Every structure is written in C-alpha cells, then in structure tokens.
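Please arrange chain B on chain A, whose structure you already have, making use of the hints.
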Amino acid sequence: MLAYLIRRLLIAIPVLLGILAMTFVLVHMLPGDPVTALLTPEEMQGPELLEKRRAELGLDRPMPVQYVAWLGELLDGNLGQSFHRKVPVTEMIGPRVMPTVILSGSGVLIALLFGVPIGIAAALRQNTKFDYASGFGSMLSISIPTFFQGLIAIYVFAIWLRWLPSGGMRTLGIPPNGLDLLKHLILPAGVLSAVLMGPYVRYTRQSLLDVLRLDHVTTARAKGVPYMGVILKHAFRNSLIPLTTVLAVQIPALLAGTVIIETVFTWPGMGRLVIEGINTRDYPVILAVVMITAVLVLFFNFLADVTAAILDPRIRL
Amino acid sequence: MNREGRPTTRVDAEAIIEASIASGEAATEDLSIDDTTIGPPRSPFRIAIRRFMKHRLALVSLVFLGFLVLIAVFAQIVAPADPNAVDLSSLRKPPSGDHWLGTDSAGRDVLSRIIYGARVSLTVGIAAALSAAGLGTFLGLVAGMTRGWVDTVIMRIVDIFLSFPSLIVILLLVAVLGPSVTTIVVVIAFFEWPTACRIVRQMTLALREHDFVLAARASGSSNYRIMRRHILAGVVSPLTVVATLLSASAILLEAALSFLGLGVRQPQASWGGMLNEAQSITVLEGMPWLWLPPGIAIAATVLAINFIGDGLRDAFDPRQTR
Chain A
1 MLAYLIRRLL
11 IAIPVLLGIL
21 AMTFVLVHML
31 PGDPVTALLT
41 PEEMQGPELL
51 EKRRAELGLD
61 RPMPVQYVAW
71 LGELLDGNLG
81 QSFHRKVPVT
91 EMIGPRVMPT
101 VILSGSGVLI
111 ALLFGVPIGI
121 AAALRQNTKF
131 DYASGFGSML
141 SISIPTFFQG
151 LIAIYVFAIW
161 LRWLPSGGMR
171 TLGIPPNGLD
181 LLKHLILPAG
191 VLSAVLMGPY
201 VRYTRQSLLD
211 VLRLDHVTTA
221 RAKGVPYMGV
231 ILKHAFRNSL
241 IPLTTVLAVQ
251 IPALLAGTVI
261 IETVFTWPGM
271 GRLVIEGINT
281 RDYPVILAVV
291 MITAVLVLFF
301 NFLADVTAAI
311 LDPRIRL
Chain B
1 MNREGRPTTR
11 VDAEAIIEAS
21 IASGEAATED
31 LSIDDTTIGP
41 PRSPFRIAIR
51 RFMKHRLALV
61 SLVFLGFLVL
71 IAVFAQIVAP
81 ADPNAVDLSS
91 LRKPPSGDHW
101 LGTDSAGRDV
111 LSRIIYGARV
121 SLTVGIAAAL
131 SAAGLGTFLG
141 LVAGMTRGWV
151 DTVIMRIVDI
161 FLSFPSLIVI
171 LLLVAVLGPS
181 VTTIVVVIAF
191 FEWPTACRIV
201 RQMTLALREH
211 DFVLAARASG
221 SSNYRIMRRH
231 ILAGVVSPLT
241 VVATLLSASA
251 ILLEAALSFL
261 GLGVRQPQAS
271 WGGMLNEAQS
281 ITVLEGMPWL
291 WLPPGIAIAA
301 TVLAINFIGD
311 GLRDAFDPRQ
321 TR
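Chains as they are written, first to last, in our numbering: chain A, 1 to 317; chain B, 1 to 322.
Just so you know, these hints were derived from the structure itself, not from any lab.
Keep in mind the model is a prediction, meaning the values are calculated, not measured.
Watch out, some of these pointers could steer you wrong.
[Said to hold, decoys possible] Sample of chain A residues at the chain B side, in silico, Cβ under 10 Å:
#1 Met22
#2 Phe24
#3 Leu26
#4 Pro64
#5 Phe136
#6 Pro313
#7 Ile315
[Unchecked claim] What the simulated footprint calls covered on chain A by chain B, stretch by stretch (three residues with Cβ under 8 Å from a Cβ of chain B suffice, anywhere in the stretch; the number is not a length):
#8 9 to 20
#9 91 to 103
#10 109 to 119
#11 221 to 228
#12 260 to 269
#13 281 to 291
Note that the Cβ used here is the ideal one computed from N, Cα and C, for glycine as well.
So here's chain A without its partners, still in its complex pose:
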C-alpha cells in the first residue's frame, strides 16, 4: 500500500508542476501590463520609472527564473493583485468560497442520494420500463443545457407557482437566517443536482451491471446468500470503485455547473466571481480560481485513487 501511495504521489508531482506552469503561461499570455496596474497615475509619467518598477518586481528576469519566484510566492499564499479592485486576490476569493461550497455540496449530496439508488434500481431491472425511463431521464439531464434548466426552474417555481425566490442568497431587509438561506438554496441546488444526476445514474447502473456479470456474484447466489445481501455486499461494494473516480473526475464539470448556475440565480459564489472577473478583465482573479480548481481536482483524483486502492487490493499492485 505504501509503495502504491508513493508511486501515485510521484506521478502527481509533475502533473502539479505542469498545472502551475500552464497557469503561469496563461498569466503571461494575457494582455495588460501588471506594472501599470500597480502604478499610480503620477508614477506613470516616464518610461524610466516603469523600467525601475519592473526591475524592482523582478519582471526583467528570464521566464524560468520568474516561474520559480512565482512558485515561491504561491507557497507564501500570495495569489496576486486584482487589476480591477487593487486588493489581493485572496481577499476577493475568501468570502466567495462558502457560498460555492454550500451550493455544490448540497447539489452533489442530493444528486448522490437520488442518482445512486436510481442507478442501482435501473441495473437490477435492466430492460424494463423503469430502466428505460431512468435512462431517458438521465439523457435529458445530460443534454439540456444547465442554464436552460435553470431558466425553466425559475419560470416554474419562482414566477408561475411563486413558491421560491428566483435568485440571490438571502432576502434583503431581514437578518440572515437558516430558513431563508434554505429557501434560496433549493432552486440552484436542485438544478445543479439535476445536472449531475444523469451521469451518476448512468455510471452506477453500468458499473453495477458489469459487476453482476462476474463469477463471484453467481457463486454467492449459488451458495444461497439472500438476493439483497448479494447486491449490497458483493456487487454494490465493487461497483463503488468507478463511482469514486467519477466523483473526482467530475469536479471541473461541477465547477462549470456552478459558474452557470450562480450566474442564473445570482448566487454570490466563486462562479459569479469568475464571470465578474471576465467582464471587468480582472485576469488574476480568474487565474487564481482556475489554479485552485485544478489543484483541487488533482487532490481529489489522488484521493479517489487511494480510495479505489483501499476498496480493491488488485489496484495496489
């Protein structure tokens, strides 16, 4: 197990450095000079001064040197300065983390709570009406654009039925409370889970079907283990392995979903921050979000690999 862990870590390191290098390249591809963004109008008078600031900031050094220096800054937790608001990027991202965590966390949770049982039921009733219906449903969830699902949800639940608010995270004018937050959360989290559920259903169904064909399931049935026992102990546990990988692999997709959903529902999270950053050309903010996500994906992929290795000893070899 230890050898496997070390091997996985050794693979992850070049990928991490690659992610960071690509972010670095993107930073340098962007238009706009970070030096002018830092200078006050009076300082911008002469080119000598610009050069001096440039040298002070180390921007005259060769790219690889700058890359290493930039890595050092990252380790200190410095993600750069916002062009637009002239404050550290971390300060802008900080308050946006919780809303996104609440939204995506509840979205994933709802999707798993419904998606996995539906997938199991569909696999056990393969080629029945239920199987076809759930297959069609998950196809719809995959095919209808997230923003259109959001607009439909707003139309039905906020405009037509008037049950739920159409956007935002709290009602203005009243003090923030849990119930109010929950009311605002239902629609965006519901749409996010609808988007995620399709792949969960499909994957659970497929991987359970694959496992049910295996010999050890037949053996368990033959020696008289009750049907549900076979499903839960022998089949479902093994079909969880690909599911953990799906959860990790889907994080970029999850983030894409939250970008759209936060825009549609004016939810004040990181996704909205990205869109605001794009509209105001505030590139450092966007890059910081991109990098954080990429590193998170890498981390969760690693976690998924370790989980898979715990669940399935063969992988460790």
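The following block gives chain B in isolation, referenced to the frame of chain A:
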C-alpha cells in the same frame, strides 16, 4: 453537463474504453451471435450498421439531425425573413401569422434567427469535435505505439489538461482572443482532445498485443504501416462514439459561452446568445417565445447527438445483446 457538456464525455469515456477493449478481444467470436438470418456475407461494419438500425431512438435522432443539417445549409431558402433585419415597428411581438415565433427586442424574426443559429451550433459541434478527435487520435496513437517516455509525457499532459476547469479557461481564452466561431472551435478543441487521446491510447495498447499485429511485424511491416493499417482500423469504431459525444459537449460549451455573453458576436444569431437576452424576469415571465424556442433547439440537438452516440456504442459493443 458541462463543464457544461463535459460530464457526458468523461463519464462515458471510461465505459467506452472498457467496452471497446472487450470488443477488440472478443470481436470475432461474439459478433456472429445475433445474426440468425441468412444473407450476404457480414463484415463487422455491416453488423454494426444493422445493430444501429435496431436502435430506434438513435435512428429517429439521425433523421432529425439530417433534417437540421439541411435547414442549416439552406438557411437562406428556408428562413422566412432576414435574421438580422431590424424592425422597430414590431418589437417583442408574440407569435403571429407574419412571425411564427414572434420577434425579439430589435424586432428581428425569432424563427429566422433560430434557423440561422443552427449554423453556428452545428459548425462548432462538427469542427470542434473533428479537430479534438484528430489531435487526440494522433497523440494517442503516438503514445500507444512508442510507449516509454513519450507515452509518459503525453499521458501527464493529458492529466494536466483534464485537471483544468475547461469552461473557465475557455471563457478566459475567448475573452482574451476575441469571440468568433473560429476562436471558439480552436479553444474548445484545444481543451477537449484529452478524452479522445486516452481512449485511442488504451485501444492501441490493447490492439498491439494481438496476433495479427505480430504477423504483420513478422512479414516486415514498419511501425508506421502497422499503425495505419491495423491499429487505426481498430480504433475507428470507438472513436466515432467519442467524436459524437465530443460534438455534443462542444455544442453545449458554445451555447454556454454565448449565454454568458462571450460567444459569437452580435448580431450573428446563435441559440445561446438568444437565451442570453432572456435573463430578465420580464422576458422570462411574459415572453416565452423569446427563450423557449432556442432552449428547446439546443436541448433537442444535443439529445439527438447523444442518442446517436448511445446507438453507436451499443452497435459496436458485442457485450450488449439488446
């Protein structure tokens, strides 16, 4: 779902790899199972076509998509009006005999804009999917055939690309490079090739162990010839499935970009862009003709492509008996 669009491809990708490897191993034995009728000699390709024809939804989808392509190609003839003709005397008018789907905030005919919007979606879907699949196939073949350090490097690059939240990076690049159909296609292809690359590499690794490759090598075939004649042929079937799913996700990505206001430039009509204008509550509440048709158009197109992808996968997968 997207990445807007992404989940489909990535989730299914793994399943395709498994199914395709199984089909590679079991191709010869299994393919004859469901053929009970007597007829002309059957190649695996013909059997796949027959299986695809049995997949009713996929067939209907194929007809629908063909119809859509025709509409897009002959938009000038089909469209009742000029999609960009501004008519200030009829702004946001509900559907009527003159304008079957009403008019938008600039008095333009919604139906005509939907018809012209099909061009953008289909162009992006086809061009981005083909380029991504092409690049992915090339790198996947190289990785699988050479193995060693080249393989390691390519696969780590794939890992790097797959870690990035592509929607956001694509948004960023399109914002920087300026929105146009070409930029969108190039940027989407640049971030979508890794899925194809992984599958082609897996297939190549599985195929190269077969006896027919050994036989080809023994009879003096070069690496290049083996790749072209034997590996590529085996890779084609799973690749069509991947390309289908890639085009679905490319269409969803383009729609998402346009919806966020970063797609093709106005006034060019695109489905996502039409929905962009529907974000106000007044439009949502009182003018369904402005947002329902483009949304349904995207959903129907992507749904059709995904059904075709499903049909193709079933057709190429000998494990499925349906």
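Tell me if leucine 26 of chain A is really an interface residue toward chain B, meaning its C-beta lies closer than 10 Å to one of theirs.
This hint holds: leucine 26 of chain A lies near chain B, its Cβ roughly 7 Å from the closest one there, short of 10 Å.
Verify the coverage statement for the stretch 9 to 20 of chain A against chain B, using a C-beta to C-beta distance below 8 Å and requiring 3 or more qualifying residues.
holds (count 5)
Three residues minimum, CB to CB under 8 Å: does the stretch 221 to 228 of chain A make the cut for coverage by chain B? Let me know.
violated (count 0)
Using C-beta distances, would you say chain B covers the stretch 260 to 269 of chain A, given that this needs three or more residues below 8 Å?
Holds, because 3 residues of the stretch 260 to 269 of chain A bring their Cβ atoms closer than 8 Å to Cβ atoms of chain B.
8 Å C-beta test of the stretch 91 to 103 of chain A against chain B, three or more residues:
Since three or more residues must qualify, the claim that chain B covers the stretch 91 to 103 of chain A is violated, with 0 doing so at under 8 Å.
Quick check on proline 64 of chain A please, does its C-beta sit within 10 Å of some C-beta on chain B?
Not OK, violated: proline 64 of chain A not within 10 Å of chain B, min 18 Å.
Quick check: the stretch 109 to 119 of chain A, covered by chain B? Criterion 3+ residues, Cβ under 8 Å.
With 0 residues closer than 8 Å to chain B, the stretch 109 to 119 of chain A misses the three-residue bar; violated.
Report holds or violated for the interface hint on proline 313 of chain A, using the least CB-CB distance to chain B and a cut-off of 10 Å.
Hint on proline 313 of chain A: violated, closest Cβ of chain B at ~20 Å, above 10 Å.
Going by Cβ atoms only, is isoleucine 315 of chain A closer than 10 Å to chain B?
violated (14 Å)
Hold the hint about phenylalanine 136 of chain A up to the distance rule: shortest CB distance to chain B must be less than 10 Å.
Hint on phenylalanine 136 of chain A: holds, closest Cβ of chain B at ~8 Å, below 10 Å.
Taking the closest Cβ pair, is methionine 22 of chain A under 10 Å from chain B?
Nearest chain B Cβ about 6 Å off; hint holds.
Mind checking, does the stretch 281 to 291 of chain A have 3 or more residues with a CB under 8 Å from chain B?
holds (count 6)
Of the numbered hints given earlier, the model fails hints 2, 4, 6, 7, 9, 10, 11; all others are met.
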